[in-house]
Amino acid sequence: MANYSFEQDDNKLRPRSFDDYVGQEKIKNNLKVFIKSALNRGEPLDHILLYGPPGLGKTTLANIIANEMGTNIKITSGPAIEKVVDLASILSNLEDGDILFIDEIHRLNRPCEEMLYPAMEDFAIDFIVGQGATARSVRMPINKFTLVGATTRAGMMSAPLRDRFGFSCRLELYNPFELSKIIERSAGLLGMNITETASYEIAVRSRGTPRIANNFLKRVRDFAEYEGSKVIGSEHADKALDALEVDHLGLDSTDRRIVLSIIEQFKGGPVGLETLSAATGEDISTIEDYHEPYLMQIGFISRTGRGRVALAPAYKHFGKPVPDYLNDDENK
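Numbering-wise, the sequence shown is residues 971 to 1302 according to the numbering used here.
Pair ranges (Cβ atoms, derived):
| no. | residue 1 | residue 2 | range |
| --- | --- | --- | --- |
| 1 | G1125 | K1286 | 28 to 36 Å |
| 2 | Y1295 | P1088 | 51 to 59 Å |
| 3 | P1263 | S1138 | 15 to 23 Å |
Derived from the structure by calculation, the hints contain no laboratory data. Quick reminder that beta carbons are idealized off the backbone N, C-alpha and C, glycines included.
Throw the hints in and build the complete structure from the sequences for me.
Dropping the structure here:
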């Protein structure tokens, strides 16, 4: 039996160039200018910070930047760099012009973050040699490189680190049309044909996120193949996504549990995040990082100083009577 990695499909679906990368047009256009200018000067690209919700293509974009620059990329993450010596080893082994991609860069510990400052500005690493009165600082030069940092929580980054990036860009959620194009491209790479109605049906339920769209596509493909079809139709999309308990707005069972908990258990809120986590059995960070942003985007919940509250569209979606105070707000 041939060895198979669950990452093979994901790697195959990742775009390799800006031409294949759908969406984020402003960011792409700016990066094309910066990359061409850097290549013309024969210099490394300035450091880049990519931030936004998970699954929007930050890692993919970093790989495309490396491909367009014609250089190598070294990939790591903030939690994986536990000690200063680990980061020093990574930095000292970079070749001239390499891309260093650090995912979840906001989770770097303080000593490692401080080592990055001279590395980013002066392409050097500072060491302390000796102890006590004989201790002295030694600066070791390193090759020029480009740091591409990615984070889902830019607000948790320190100002000194954030300010050292020459270009910061927020990746936005995708619209259904853009996601449909991504899904159609991915279906072709997976050896399947897909109808426009099926790709759009998957797109509108994918929460504006390519990673979710591709994951849904692979599950819909399973249903189509199970029925012996080489073409993914809307009937396969409906059947698969209904089986996965994803409704026409992209809400899954956890989303529904969160919103209904606010409406039914806490009379529409406000309710604190810790209380909501205990009531639903979901981790606080999962609610805050994954479920809450989308529920806020579609106008189902709002964050206030006292906690989370449900809004009129949430009541209407679940067939609940809208409280008078929300109707009054809508009529103003």
